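Working from the sequences, and respecting the hints, build out all of it.
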Amino acid sequence: MNDPSSADEDLAAVEQVVAGETRAFEGIVRRWQGPLINMAWRYCRDRGRAEEMAQEAFLRAWRGLAKWRREGSFSSWLFALAANVYRSELKRFPTETLPMEAAPEPSGPAAQHSELSAQLSREALYRAVLALPLRYREPVILFYFHEMDVAAAASTMGLPEGTLKARLSRARALLRQRFPHLDEEQAAHPSQRPRRMGHQDLGHREIDQETRKEVAN
Amino acid sequence: MNRAKRGRSDECAGINRNARIETEIDQILAGEEELMPSSGFLGSVMDRVRQEAALPPPIPFPWKLAVPGILLAGGVCGWGGYELMRSGLPLMSAFSFTLTPRHLSAATVLALEQAGWVALALGSSLASWLLSRRLAGASGIL
Chain L
1 MNDPSSADED LAAVEQVVAG ETRAFEGIVR RWQGPLINMA WRYCRDRGRA
51 EEMAQEAFLR AWRGLAKWRR EGSFSSWLFA LAANVYRSEL KRFPTETLPM
101 EAAPEPSGPA AQHSELSAQL SREALYRAVL ALPLRYREPV ILFYFHEMDV
151 AAAASTMGLP EGTLKARLSR ARALLRQRFP HLDEEQAAHP SQRPRRMGHQ
201 DLGHREIDQE TRKEVAN
Chain E
1 MNRAKRGRSD ECAGINRNAR IETEIDQILA GEEELMPSSG FLGSVMDRVR
51 QEAALPPPIP FPWKLAVPGI LLAGGVCGWG GYELMRSGLP LMSAFSFTLT
101 PRHLSAATVL ALEQAGWVAL ALGSSLASWL LSRRLAGASG IL
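So the protein lines, in turn, are chains L and E.
Be aware that the first sequence starts at 1, since it is given in my numbering, and climbs by one per residue.
Be aware that the second sequence starts at 1, since it is given in my numbering, and climbs by one per residue.
Hints are computed from structural coordinates only; laboratory data are not their basis.
Not one of these hints is a red herring.
Chain E is faced by these chain L residues, among others (derived, beta-carbon under 8 Å): (1) Glu26; (2) Trp41; (3) Glu147; (4) Arg176.
Note that the structure is a prediction, hence the values are computed from the model and not measured.
Cβ coordinates follow ideal geometry from the N, Cα and C atoms, glycine included.
Written out as structure tokens, the structure reads:
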């Protein structure tokens, strides 16, 4: 999500913007519009609103560029800023989400033969993520947004990695309880699996240990 | 013995099942298709950026005009504090010697009340000043 050439381009563009060249900001928006809109989409599941929130994030970034201390990468700063914007936007105007218990049940055995059924159970999972309590929802959103990179998600949230792993583990346990037959449903439709898959996998055993610690505390 | 073995195998099956479900969750959530930004998105962001850039820079805080007022307010606060101490300290000492209310004369009670009102007025002035600064989004001092 952040290659060195893009980082150099970002840095050069930032210097130009800070020097007063507003036009240079266009390059930044062009490079980061996709990730920021997709990140916003995962927070609200509303395309129009996702674009509005991403636009607000870019504006805040533009206002704050001079204050960026260049301690980390530009992308880390931008994602953290965007996450703050999205969080506060959703606090002001929350999305309409069903409670976890009210999310639609996964499809029954009879419906499993339709392709629609697999799609519906994925949609139900997306909705269930939005219905998670906030402290668990955001780690899930950012972990999968960052292609399952715990360090990147923790950096965006400004949390220690251990805390993020613990919350993530708890969130996955809640989702697992909610969708106890997900493996069977998806196994029935292997062709319907989503195409993109993150390159970094997080050991389930490690996460389970974090859950136990959290529960013990 | 067999029961223990069966228990262990049930436990293993449960763990495997959980792992499979979590793998499915991972695949679904990590494999979401990406949205493409709408064609006008870049333009609308840059329009807003240009609008903001065209705005005059924020007016700096008029320190030259404000300093006399701040000094005056500081003086009033200082004077109030001094008066409070001047009238309050003897009362406090009187209070410490005469712990029972029957030893407080009417004049002492009156003076205590006045000191209380002065303290309240000073406190509310300070609170309203801080509140107005906060509402104006001011930063810096306090």
